[in-house]
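Participant: What follows is each chain in one-letter form.
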Amino acid sequence: MVVTSPRTRAPRARRPYSGTREINEQSELGAVYMRTLIGAQRRLGLSVCLVTCGALALLPLLFTIEPELGKFRVFGLGLPWFLLCLATFPMLVLAGWFYVRQAERSEREFAELVERP
Amino acid sequence: MTSGYAVVAVMVVVLGTILVGAYGLRVSRTTSDFYVASRTVSPWWNASAIGGEYLSAASFVGIAGLIFAYGPDMLWFPVGYTAGYLVLLTMVAAPLRRSGAYTLPDFAEARFRSRVVRGVASSLALAIGWLYLLPQLEGAGLTLNTVTGAPDWAGALVVTVVVTVNVMSGGMRSITFVQAFQYWLKLTAITVPIIFLVAVWQVRGADSLTEPEFPSFRQDTEVSFQRQATIHAEQEIVIRGTGVVDGERLEDRELLLTSGYHRIDGGSKFTFPKDAPVPHLSTMAHNTNESWSLPASSGADFPLYGAYSLIIATFLGTMGLPHVIVRFYTNPNGTAARRTTLIVLGLLSVFYLMPPIYGALGRVYTPELLMTGQTDAVVLVLPTRMIDGIGGQLLGALVAGGAFAAFLSTSSGLVVSLAGVLSQDVLRLGGVRGFRISAVLACLVPLAMTFVSTTMPVADMVGLAFAVAASSLCPLLLLGIWSPKTTTIGAVAGMLAGGVPALTAGLVTMFTDTGDSWYEILLSRPAAWTVPLGFTVMYVVSLATQKHVPAGVQRTMVKLHAPENLGLDGSGSSSSGQERS
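Line by line, the protein sequences are chains B and Y. Residue numbers for the first sequence follow our numbering, beginning at 257 and rising by one. Residue numbers for the second sequence follow our numbering, beginning at 753 and rising by one.
Hints are computed from structural coordinates only; laboratory data are not their basis. Mixed in with the good hints, there may be bad ones.
Claimed, not checked - So, partial list: chain B residues that the calculated Cβ filter (under 10 Å) puts toward chain Y:
1. N280
2. L325
3. L342
4. T344
5. V370
In this text the structure is predicted, and so the values were computed from the model without any measurement. We put the CB at the ideal spot given by N, CA and C, even for glycine.
Isolated chain B (complex conformation):
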């Protein structure tokens, strides 16, 4: 048997819209895409913030509960001075760098997801 022409009348599988189009047309699926992105970014932002700022915010409590800690010396500086004048700043920059890297990565993943035809 020789097939001279492909079957064209049978229903073809529906070619899915790209994620971009789903989002632009405000479909349910588009909303799910967006909720996923926003959720991921919110989780990332909040965790970087809470870990970094939370750790900092523990210090006043720590120094109040245990005043002796204030007299402890690191590199010739009192512990509060060492922590707040020197140690904090590199930590903040590092946290910021980590956040930027992760946020850009999750945006790239989102772009790959929605641009898939």
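Chain B is fixed; fit chain Y onto it per the hints.
Facilitator: Then chain Y, alone, in the frame of chain B:
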């Protein structure tokens, strides 16, 4: 420490600012140029400009002064000012840029499609801006007074005039150049003297800065009292000079200052002998250098509450400052906005290493400021005090120039953003002319306020502006960006519930004397109760009014969060008013 070099340095900074501004004038032509520098600014320029704008009088002179007077509790100011940018980076930077908003009121309108939300946000932005401008002008007065002996109002007037002229002629384009230049100027001006001061301190035997002794005069020191001061002397001191002590007039003669409290009138000038312990201002805690260096040494009531309130205000307040927000529009996209913010974080971290060193050296070399109460002057006085001759004078001039750069740059940024709000929301005058009229008005109000406000450390005043921003505009931004459930009514209720009490508390602290009342700390550090109030009211009212979720909120969320290069039509068909012509 009147010094000719310092006057020259201040003049050079003022002229330099005007010249760089005029250079920008040639390239700013259209309204779009005036407002947002046509979005052609690279992340490094932008980050330097943000840094230049952000490092205000509070950062340059105020922090060192507070640390000098009150010890390590005040280190939360530099830490908080920097950590505020981490919060801004992680929660606000990219979505805010993507919203296309130029000012906070623009963001409010873009997110909630409501004139009412916009109006409330505008009023709050104006209040915060003016609250923030006031200490800049007071700081300028202090600096000019310290280096030339000019009256306090002169410095405020100079800053007002230079800023108004500069903003009116160049707008934002020139301001971006001015600001970027200012950051590097300020960093140089605070770092170079520190290198010399630390070297001198080391060469002279590196006296411990935390001895268990009270600060004492290192040499015979002539002290002039600008204002009336009530001081407490621990032991008898023989002083010599002209002035009024306890109501008794002295003309160039000796007086035995008995131990106990004394009132010295403004305009007095006395020489205190070498090695005598420094009497301290009655309102200030009396600490040995050792006890000063420990936490909770400031002697304030409820130190833990105070620390947390300061932490909350500075961590969350940064994002609500009107002049900070404006800068994000000049980034080409959300990703660039994030990178810019990260660079800012680095630039601020470098700068904030310096002020605590001034504060600590001041305990040993300029202790008399603890007695006159002019603690904010420690950065300005230290170089001439520690280094004799022309070297010290030149370094002093550098610091004075840097300080003036700080007032000019922060004030310029504030005036640009306030003028934007005024011309669009209050005067309703469009175009370049409306912007210019608004710029004048934005300057005049705080200048008038400098004549009535009390003398409060500049960093404390700035702290109040942060508290108002953290209680009102911060909930608006955070909940507006991250929760689609936030409603128009909720936004208005939350901003008012947090902002009005914080603002009232701030004004009461600034313009009245609350003295030693138990509630004084609740008013001078309001953030710990007003910020939770603002957030809770905004969230709860939003949940209760879910029928009033603004139309098209899904589209707005797409616009705020989706990367720009995907061609996502987030703003939908109802996009309007975002791009300025």
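Participant: At a threshold of 10 Å, is the proposed contact between L342(B) and chain Y supported by beta-carbon distances?
Facilitator: Holds, because the Cβ-Cβ distance from L342(B) to chain Y comes to roughly 7 Å (cut-off 10 Å).
Participant: Report holds or violated for the interface hint on T344(B), using the least CB-CB distance to chain Y and a cut-off of 10 Å.
Facilitator: holds (5 Å)
Participant: Minimum Cβ distance from N280(B) to chain Y below 10 Å?
Facilitator: holds (5 Å)
Participant: Should the interface hint for L325(B) be scored as holding, given a Cβ-Cβ cut-off of 10 Å against chain Y?
Facilitator: Interface hint status for L325(B): holds (8 Å vs cutoff 10 Å).
Participant: Against chain Y, is V370(B) within 10 Å by beta-carbon distance?
Facilitator: It holds, given that the least Cβ distance between V370(B) and chain Y is near 6 Å, below 10 Å.
The structure shown violates none of the earlier numbered hints.
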